[in-house]
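Participant: Using the hints, position chains B and C against chain A.
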Amino acid sequence: MALLKAEGLGIQFGGLKAVDEFNFEIEKNQLYGLIGPNGAGKTTVFNLLTGVYKPTSGQITFDGKPIIKMKPNQITELGIARTFQNIRLFKNMSVIDNVKVGLHHSQNYSLLPAILNTPGYFQGEEAIEEKALSLLRVFDLEEFAYVKASNLPYGKQRKLEIARALATSPKLLLLDEPAAGMNPTETAELMETIKLVREKFSIAILLIEHDMKLVMGICEKIVVLNFGTTLAFGTPEEIRNNPEVVAAYLGNEE
Amino acid sequence: MKKQQIKQFMISLIISLVIYGALMFSMNNGIISSYWSRIMITACINIVLATSLNLASGYLGQLTLGHAGFMSVGAYIAALASIHLQTPFIISLIIGAIVAAVIGLIIGMPTLRLKGDYLCIITLAFNEIIRVIMLNLKITNGARGLIGMPMSTDFTSAFISVVVTIYVIYCIVKSRHGRAIISIKEDETASELAGIPTFYYKIMAFVISAFFAGIAGGLYAHYNGILVPVSFDYNKSVEILVMVVLGGLGNLKGSVVAAIVMTFLPELLRSFSDYRMLLYAVVLIATMIIKEKNLMPHIKEKFSKKEVVEEVAE
Amino acid sequence: MEFVAQMINGLSTGGMYALVAIGYTMVYGIAKMINFAHGEIIMVGAYLAYIATSMMGMPSYVSIVISIFGCALLGVVTEKVAYKPLRNSGSLAVLITAIGVSYLLQNVFLVLFGSAAKTFPTYIPAGTIQFFGISITYVSLISLILTGICSAALLFFVNKTRIGKAMRAVSEDKGAAELMGINVNNTISLTFAIGSGLGAIAGVIYGMSYSLIDPYIGAMLGIKAFIAAVLGGIGSIQGAMVGGIVIGIAEAFTISYVSSTFSDAVVFGILIFILLVKPAGLFGKNVREKV
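Just so you know, the protein sequences line up as chains A, B and C, in that order. Note that my numbering has the first sequence beginning at 108, numbered continuously upward. Note that my numbering has the second sequence beginning at 3, numbered continuously upward. Note that my numbering has the third sequence beginning at 8, numbered continuously upward.
Read the hints as simulated data drawn from the structure, not as lab findings. Incorrect hints may appear among the rest.
[Claimed, not checked] Covered by chain B, per the in silico footprint, the following chain A stretches (three or more residues, Cβ under 8 Å):
id	stretch
1	120–129
2	192–204
3	215–225
Quick reminder that beta carbons are idealized off the backbone N, C-alpha and C, glycines included.
Looking at chain A on its own, in the form it has when it is part of the complex (with noise of 0.2 Å):
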């Protein structure tokens, strides 16, 4: 059974159809591309998945459950994570803290012992604390650990963003643009990044991106959004040989 299915979904804004009829699965451990050219609604489809929009049609069941009638902090907690476009940490917390909020739901001491200091919340903070610092290692951001958000640079600030997606512990994980505005350098080891933590955390991951050799390198299977609505999906060789996929969309690129 897939993960996530999402079938004949789409979103009006006005008169205009940003997202219609949209497709899509995605299994365990998968790790999918979604590419378009800018205006394609990519990153409606991320907003449609974790509830920040709600869609005019179709359905959206994650897990064997709908979810589209779900606020979007339910969706993150039944296991979908997202990064965005724009960079959207926490920016004048510390580092470790922006995990840590991402880490809210797994521990459930309530106020009162938080007040009275009671054991069960000194148990859940030691907890909290320890899991952040291992999420911080695996993006080498422990030494940053105390230091505000947006002192980090930039590279380590989508680093950071991806730690704290994690920290809720997803399934799935929805990567938007991560190499945005990276150097081939940076966007390299950002692949890197990425396999490893399909690897490392055994989840399914569908990113959003421009880069071609990336998207081309880590992807399983890629989709492509046209117009808001599925233009293709395969495999990379499928995509990279499909004439409609390259007139609309690789012809212009380079």
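Facilitator: Here is chains B and C on its own, set in the frame of chain A:
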């Protein structure tokens, strides 16, 4: 972490006891006159008000202009409980605070759902309505003022309230709940997508903030001996806001210092009293512009990076 | 007949609210901020007319012109000094500053004129005019006409002129408007000037209708007009007009048929209701946040 936190707690406790002991000793031996010891109680009430508003406006980032309204609810309810039900002082305080919290819940439910600046206007409106209600109700004795409650607030009870308020808010802010609250201020959408039930936490912070405003009101009622609605008008709300802004949004220590300064300074500058509120207005505008334009980068750089983070996170 | 009379009553106060609400809505549309100090501008408008007529002996029309230009200038200066430095800051900072400005204006007038109410000069003689058996005061009638003219002129200006088009462009997308060669700073200044000028007219109408002014009049008037703007859909000029009139009529009917103590409560009830049912307001667009 546990050891560190307990150590910190013990140090804070000892410091509080020392401050309390020194002040009590000075008051009992006439080093501090009874005039100034009364003002110290006012300072305590203001600290409770400023730190609790800081939770809603500084940490959560939701600007409210009705803090004096919640204070007045706490004040009147606590006073009425003492007068009519003869409840013990502490029970009156708690009843007042709970009612203030419930009203906070009622106001927060419809408004905190919305993004934007509606809360500010609605709380201001609430402040006005509550003042008019207190002015017109029979049981509050309107503009002539409510009297008859025992003058139970002394320096000890005011001081304990301050310690409890700061302690509780500090503990909340340090916990996973506090991080959730701060993340909402930083970026509500990102917070929601990190799994935080943002609406729930907005309500929580707002209601706790109202609760402590209610405590401050109860203290005020049993200290002043008379309640008139005009003491809880828009001006009082702005005064509390100025304390929070001056001390720094999301900075508890700053709120404490600002509340103390803003209680004592007007007493020292009595001849200047006509211009006090004018000064508050200028302080509000200037603080915001100076801070946002980063006119003080050098001062900030003096702190190490870690301290800058702590300043925001605590 | 009582019903119709109250309707007209409501229309005339509603018109005043509408003029103020337009100021909120225009500024919100362009600067994306609630200009908390807008209510105080109205108070200043009323005081300027009072100063010009009662203290300096100017004729009524000169006083009104002074009041309009004085407020327009004040609006522009406020924006330049207090809001412009914060244009790229969070909404919390801007809001706190706006509260500061509001508080500053109120207290400057308190220091200058004291808290006691001043008698507003009589620009329009007292008395009523009869229309099919309904008596309307001259003040109500003039207020209505004044509001109508201002609204029509504003709608024409915003929708039909080049500068109006520039304003709408800036409110859609500041960056794009700038790239199209529109001077964003001037457009924002102009918006504040127009909003404040209309506020001054509302201030004069207030003075004429209630004949007593004090430094606190702006606060409540401002809140009610803000509610009108929210009701109409903040950002929409037509919405602000409709919202103002609805609030005015609701208030007039509550005062005459229920009780004057409840009139504020009814207005706030409307606000809570609209926020619960249709937060975007009657004419508002649902604005999606960019994620």
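Participant: Under a C-beta cut-off of less than 8 Å, do 3 or more residues of the stretch 192–204 of chain A approach chain B closely enough to confirm the stated coverage?
Facilitator: holds (count 8)
Participant: Do three or more residues from the stretch 215–225 of chain A put their C-beta atoms closer than 8 Å to C-beta atoms of chain B?
Facilitator: The restraint on the stretch 215–225 of chain A holds, since 5 of its residues have a Cβ under 8 Å from chain B and three suffice.
Participant: Confirm or reject the coverage of the stretch 120–129 of chain A by chain B under the rule of 3 or more residues with a beta carbon closer than 8 Å to the chain's beta carbons.
Facilitator: violated (count 0)
Taken one by one, the earlier hints fail for this structure only at number 1.
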